[in-house]
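Trainee: Line by line, the protein sequences are chains A and B.
Heads up, the first sequence is in the working numbering, so the first residue is 1 and it goes up one at a time.
Heads up, the second sequence is in the working numbering, so the first residue is 1001 and it goes up one at a time.
Hints are not guaranteed to be accurate.
Stated by the list, open to error - Facing chain A, a subset of chain B residues (Cβ under 8 Å, in silico):
| hint | residue |
| --- | --- |
| 1 | 1023 |
| 2 | 1025 |
| 3 | 1038 |
| 4 | 1105 |
| 5 | 1119 |
| 6 | 1137 |
| 7 | 1148 |
| 8 | 1203 |
| 9 | 1221 |
| 10 | 1223 |
| 11 | 1277 |
Stated by the list, open to error - Here are the computed distance ranges between Cβ atoms for each label pair:
| hint | chain 1 | residue 1 | chain 2 | residue 2 | range |
| --- | --- | --- | --- | --- | --- |
| 12 | B | 1013 | A | 109 | 48 to 58 Å |
| 13 | A | 65 | B | 1289 | 47 to 57 Å |
| 14 | B | 1027 | A | 145 | 37 to 47 Å |
| 15 | B | 1289 | A | 277 | 12 to 22 Å |
| 16 | A | 70 | B | 1051 | 36 to 46 Å |
| 17 | B | 1142 | A | 71 | 21 to 31 Å |
| 18 | B | 1141 | A | 65 | 26 to 36 Å |
| 19 | A | 210 | B | 1027 | 23 to 33 Å |
Quick caveat, the hints were computed from the structure, so don't treat them as lab data.
Note that beta-carbon positions come from the ideal geometry of N, C-alpha and C, so glycine has one too.
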Amino acid sequence: MTIESEQRFLLKKRQPLEKLTDKAFKLFTLVMASTVSIVLLGIFIVIFYESLDSMSRYGFEFLTTSAWDPVSDEYGAFTAIYGTLITSLSSLLIAVPLGVGAAIFITEDIIPKKIRDIIGLMVELLAAIPSVVLGLWAIFVMEPFIRPFLTLLYKAFGWIPFFSTEPIGPGLAPAILILVVMILPIITSISRDSINQVPNSLREAAYGIGSTRWVAIFNVILPAAISGIAGGVLLGLGRAMGETMAVTMIIGNSNSFNWSLLSPGYTISAMLANQFGEADGSQVSSLMYAAFVLMLLTLIVNIFAQFIVKKLSLKY
Amino acid sequence: MNRSKLTYNLNSKRNLYERLFTIISALFAIIAVIPLISVIVYVIIKGGSQINLDILLLEPEPPGDDMFSAGGIGPAIVGTLIISTIASLISIPIGVGGGIYLAEYSKGGAFSKFIRFGTNVLAGVPSIIAGVFIYAVIVATKILFGSTFSGIAGGMALSILMLPTVIKTTDEGLKLVSDDLRKGALGIGASMFTTVVKITLPAAFRTISTGIVLGLARAAGETAPLLFTALFSRYYITGFGDLFYEMASLSVLIYNFALEPYQAQNELAWAASFVLVIILLAMNIISRYVSHITSEG
């Protein structure tokens, strides 16, 4: 090898500037990626720190009492916590069969593909309607429409604590229904994706041994898709717990506790939306405490959702 | 032999079950679509019918002043655009940068797993929590030129909501780019920086822009984080300095005016809903259409 060709080789080494740009760019992307964890950690720390004052003053009693009186400085979030849990869980109870049923209808070969795609698109576009517009619709359209049915429910089942008050308009029940509307797109689209991912050979095998469509769906396809569906359901639960605007507008915002789903109530997020703008002093700290509880609840649900999807997937 | 056993028997038990379940699932699909249709019909009838130049341009009147006209939603439209722009300016560099790191540099180690996990967790954080966080860090501390509620704080809160979507779609978009392109670029001596900026990012441009538009559409419709970060204002902004003060947005206007006892204000909320829904649906349909083209071509 001649010296000349070795020199040519040396000349083609990277310029210092090019090396620097390369390193700087890598560092930049690393910093940007880390921002996610910094923000997440920041949210956690800031809200925890701000609620310390209230935590030390009220402790766990905050979670089990329902007083909310800024004048005498007494705070308890039980009504809001009950409202958050009862609205999100009941909405799930309605939305899961609806969403999974709709997902089956638009994935299995029941109607022409064009119509299936249109229904699928419409369900997903429902997710694009802002929560506040759904709230507006709930106040002026949905609630007046369902009130007669709720009144019937009260008249027929008033002896059950859950239906023991006469519906007066806003309340937990309309809030549950608007939450159903809001989490339906999530559950439907995730169920649809997981049913779509079930290998066709499973379907062929089921039909091949003579199962009918719904026997195949119940015994083969749904069990195969269950991990994705369960993950979607949990994501829906997390969304329902944190959902704010539509719920705030229709739940009635009352802090007096009542078992009845037909009476006005509160959720944590509705309480935050309502009071944060004008709160000060220990009320801010108490609201932060409530926010911390809400964040813990949604974090647990979301982490559990990711865990389930990871553990149960790749079965087929 | 009884031949009827080999033909389709409409009334056999199993065929009845089949039809029953098919009808139930069809019913569920119809029920799932009804809210969308009802919302859109009402928004068009009650909101769309009022749309005229005055509504689009005027400032809203104080509630209760005028029983017949509540003014317009001009400042709110401008405010929504400004706050969304601020949110994009923050979340796009962070999200695209972070996505590039995950897809191009990380080698599937613990750190990238942690970041992907964190992104998913952040996507699940309720939007109002993002508002509470910005309230505690920016609004309550008056860190921005001594002002409390501001359009900038609102944009920051929304950027937290946009961030996970942008990171995820950048990460996924880049992963879809064929490795041959990367090897080709690196093989002829391009640096990693050049490869990413000139080859892989342009190749993934459509996926990434679709994700950004979807994230932006979600953020622009959000209300909860704006309630105590940007608050609300009835006036147009007049200059750059106004970014540091209360700012109007369509979504907060809808919330405030929906709860007013005056009909004129309620009508204005419907008009604002019409404008907001049209903007968001258009963004969604366009981005879906664009990604549809790319997935087929």
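Trainee: Give a verdict on every hint.
Mentor: Against the structure, the hints:
1. A hinted interface residue such as residue 1023 of chain B counts as satisfied when its beta carbon comes closer than 8 Å to some beta carbon of chain A; here the least separation is about 10 Å, so the hint is violated.
2. Look at residue 1025 of chain B: its Cβ gets to within about 4 Å of chain A, closer than 8 Å, so that hint holds up.
3. Satisfaction of the interface hint for residue 1038 of chain B is found here, the shortest Cβ-Cβ separation to chain A being roughly 7 Å, below the 8 Å cut-off.
4. Hint on residue 1105 of chain B holds. Least Cβ distance to chain A is approximately 6 Å, under the 8 Å limit.
5. Because the closest C-beta pair between residue 1119 of chain B and chain A is about 5 Å apart, less than 8 Å, the hint holds.
6. Of the supplied interface hints, the one on residue 1137 of chain B holds, with its beta-carbon coming within about 6 Å of a beta-carbon of chain A, less than 8 Å.
7. Interface hint status for residue 1148 of chain B: violated, as the beta-carbon distance to the closest one in chain A is roughly 11 Å, over 8 Å.
8. Annotation: interface hint on residue 1203 of chain B violated; nearest CB of chain A at approximately 17 Å, more than 8 Å.
9. A least Cβ separation of about 3 Å between residue 1221 of chain B and chain A falls short of the 8 Å threshold, and the interface hint therefore holds.
10. The interface hint given for residue 1223 of chain B holds, since its Cβ lies 4 Å from the closest Cβ of chain A, which is under the 8 Å cut-off.
11. For the restraint placing residue 1277 of chain B at the interface with chain A, the shortest Cβ-Cβ distance is roughly 6 Å, inside the 8 Å limit, so the hint holds.
12. Separated by about 23 Å at the C-beta atoms, residue 1013 of chain B and residue 109 of chain A break the suggested range of 48 to 58 Å.
13. A hinted range of 47 to 57 Å for the beta carbons of residue 65 of chain A and residue 1289 of chain B is consistent with their spacing of about 53 Å.
14. Taking the beta carbon of each, residue 1027 of chain B and residue 145 of chain A are about 18 Å apart, not inside 37 to 47 Å as hinted.
15. For the hinted restraint 12 to 22 Å between residue 1289 of chain B and residue 277 of chain A, the CB-CB distance of approximately 39 Å leaves it violated.
16. In this structure the supplied range 36 to 46 Å holds for residue 70 of chain A paired with residue 1051 of chain B, their Cβ-Cβ distance being about 41 Å.
17. For residue 1142 of chain B and residue 71 of chain A, the hinted distance range of 21 to 31 Å is satisfied, since their beta carbons lie about 26 Å from each other.
18. Here the CB-CB span from residue 1141 of chain B to residue 65 of chain A is close to 31 Å, well matched to the stated 26 to 36 Å.
19. Checked against the hint of 23 to 33 Å, the pair residue 210 of chain A and residue 1027 of chain B passes, with Cβ atoms roughly 27 Å apart.
Of the numbered hints stated above, those contradicted by the structure are hints 1, 7, 8, 12, 14, 15, listed in ascending order.
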